[in-house]
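Chemist: Just so we're aligned, residue 235 is where the sequence shown starts under the working numbering, counting upward by one.
Certain hints may be false.
As the list claims (entries may be wrong) - Derived pair list, reagent style EDC-like, types lysine to aspartate or glutamate, alpha-carbon separation capped at 20 Å:
1) K860 to D933
2) K388 to E337
3) K860 to D919
4) K388 to E781
5) K388 to D338
6) K388 to D528
If you're looking for bench data, these hints aren't it; they were derived computationally from the structure.
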Amino acid sequence: MSPMLLLLLPFVGCVVAALLPTNARNLESSWAALVSLAVAVPLALLYPQVAAGAVVVERVPWLTSLGLDLIVRIDGFAWMFGMLVSGMGLLVIVYARYYLSPEDPAARFYSLLLGFMGAMLGVVLSGNLVQLVVFWELTSVFSFLLIGYWTHRKDARRGARMAFTVTATGGLALLAGVLLLGHIAGSLELDAVLASGDRIRAHALYPLALGLVLLGALTKSAQFPFHFWLPHAMAAPTPVSAYLHSATMVKAGVFLLARLWPALAGTEAWFWIVGGAGLATLLLGAYAAMFQNDLKGLLAYSTISHLGLITLLLGLNSPLAAVAAVFHMMNHATFKASLFMSVGIIDHETGTRDMRRLDGLYRAMPITGTLAIVACAAMAGVPLLNGFLSKEMFFAETVFVSASPAVEYGLPALATLAGVFAVVYSLRFGHDVFFGAPPDCPRQPHEPVHWMRVPVELLVLACVVVGTLPAWSVGPLLATAAQPVVGGVLPEYSLAIWHGFNTPLVMSLVALVAGTVIYLRFATRFKQRRTRGAPLLQGLDGKRLFEAALAGLTRGSSHLLRGLSTRRLQPQLFVMLLIAGLAGLGSALIVPLEWGDRARVPATPEFVLMWAVACVCAVGAAYQAKFHRLAALTMLGVVGLAVCITFAWFSAPDLALTQLAVEVVTLVLFLLGLRWMPKRVAQDDPRIALRAWWRRRRDIVLAVLIGVGLATLSYALLTRTAPLSIAPYFLEQALPGGGGTNVVNVMLVDFRAFDTLGEITVLGIVGITVYALLRRFRPPQETIDQPVQQRVRGMGRDLTDRAEDTDRLQEYLEVPAVLVRLLLPVAGLFAFHLFMRGHNEPGGGFVAGLVVAIAFIAQYMVGGTRWVEARMRLRPPRWIAFGLLMALGTGLGSLALGHPFLTTHTMHVHWPLVGDVHLPTAALFDLGVFSVVVGATLLLLTAIAHQSLRASRQQAAAADDAHEKEKP
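Required output: the full structure, derived from the provided sequences and hints.
Modeler: In structure tokens:
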């Protein structure tokens, strides 16, 4: 199977799972398991290649000039993590089938789980650093949705928000860091970066790049001081915790540290930052885990501690320590996932996770108890289990570290202390829960169904097999995975169970004996504690500090907003234009404007007269805005028409067509928006009137200065010849490279199609956002004052006779309504003409979309929103969705054919009665642009029209009430 297909398969499965019936748990779980198996099996078949040292690479050209091709790269380390992601995902899916209740939406759960699997596979299999960061942030998004799966629970929502805030912010820092690495190495491809370690470490930007990358890695793996989010993420369902918080998501940070170890490690900064954060996290997590009464809380802090152990190993700048880190990644995933699943079984069968209520469960659940006790022993580092082997390698690396005397003596002592803590919290789990008096549980405990326990049995079996037969079972896999991390040649190491009586063995024995003694001495106190949190750490509650920081930022931003902003539009526009004008003036002072020597086009009397009229209308619009806004809007339309004619005059027909259509749409928008403008009220206070007088003069001065500045800048640019202009390239390549003679359209749908895809995406988002905001907005109730009542009476109309007025109004509208409805097919035909000729003549999807939108808006204007919605069923959001899918599908189609994203192909088709028709694939992309423009324009205008209609009805009702009150 193609490696790229391996990466896409979980996302396809995610979409299909979301469409399956939400209450069909067997179907959902079977589908998800099949997808996981379809990823795991082909990946496993690649083992002979990666074990031989080969790197499996598949490249899909995308933005090659920017170094952003899509690359799937599978070496031994990526293969090991890929198997961990897919294999553990399969076990979690089987387990979740029996864990979820019938009321839980299974479709959403399995869809999100497969989506997360795809995102995590994208992280570990990416061969491009920017591609890795994209999938990195996707893991944050999917983990947010999975942690908050039980949306009715407040703790789940808070935990999801906290996890997303911390990890996504770290992802932004990581993006900046990988861009710096790409700048230093000269390429964003992983192979080039890993091969440029000496250059990176010697570069002046190394400390900055290192700090940014470490921010991303340490936040994702919950390292001190960012460890606080992981315990609060335990509000997720237990299958999510078993998958995300033991085997995948939290491993992404240490994966990145190991992945970039050849390029970044080996410096003092790496040793102190990575090693220091790992040591602090190792001790802090282990100490806090001893005092937890919630089983998942204990596992959460123990996970933090073990992640700190891996980080510390990677920070020691030793190849053998890096091998030990890879080994412990594998071991920790097996025993910690099995423990999480055991906790889920206990919670599922007893109704509680509180260790103060759990005693003597071994009598009712002997098989589950045995599995959990073995996994706890592996976590504590008991011999003949896998955790003992990697922890002994860890102790050995702390003993033989070469540094200052304080580090050489202090590091082994602190590592042993962390081992003591691990024994204590492992005994709390294994002994307090399964031995002692009969439990006090909400439900009578019993063993779960067999298939719910099968994943735990397989994982515990792996712990035993690796612990007893390490060289045979995991030796080749470890060598395959660790070789790319250390950069080639593996150091000498042994996976034997017995290495003689040495210092690491003594440290292990001390940890086991001391931990057991401490537990036996303080077991009762541990269980009877009523306070939350660990002693000495209660003042360092990460959740409280995090929420206090967010509250402080919110208050600060509110004060800043009140001090620097206003809800009034006019001051906002004034400040915006003032800042833009000052920025332009500053730029002109740095780089003085100079006139060029290009030949000037002679002015004609007609052109001068047209712009004289436009200037008069512009001044008139500014003056009439004070008295009559409709007149000001009409004059503003004349200015827009002059701009349109100017574009046509200077041989820019595409711009002229677009400007004309935009002017019509803008005119309708302004007409609908006039309803929301504040009323002009005469000011009796002379001071307020004087202030308004000065404000208007100030605004007109700023408007004139900005206009003159833009005119000067335009004149300077148009009179100079650009020495490095890209215009000749587009003019020469439009026909041979894009298959069209309309250079503007070819640029939009071919050369710069990726920009256009982003722009129509933003346009669709804006349309939906405005609609969503206005749907919840209710205009204020209008009050009918005395002048309105006088005007109503002066018209000689009795508002009680509404039927006659409605009939008369309908008669007045009959003729224009018929004409406007006849306009619709004409406009559609004209839009089709513009669309089909757009690749070679003025036109295109954008202007065609505006024409169709105008025709539909005209139907709304004469028929009303209700009539149009009842007769036409336009559904603007569907237009937007269809357009975006069409544009994206065009780009993916070129990828499927082995060409770069959004590559255009041209063909000629013979149509009967028409002849040869020029059909580029860019026309499909342009069709997407057309659909998005129609949908977004209709959504914007009809949303405002609905609000205006509601407001008009309120105003009419208020007028009726006022008239009724005046009747004798």
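Chemist: Are any of the numbered hints broken by this structure? If so, which, sorted upward?
Modeler: The structure breaks none of the hints.
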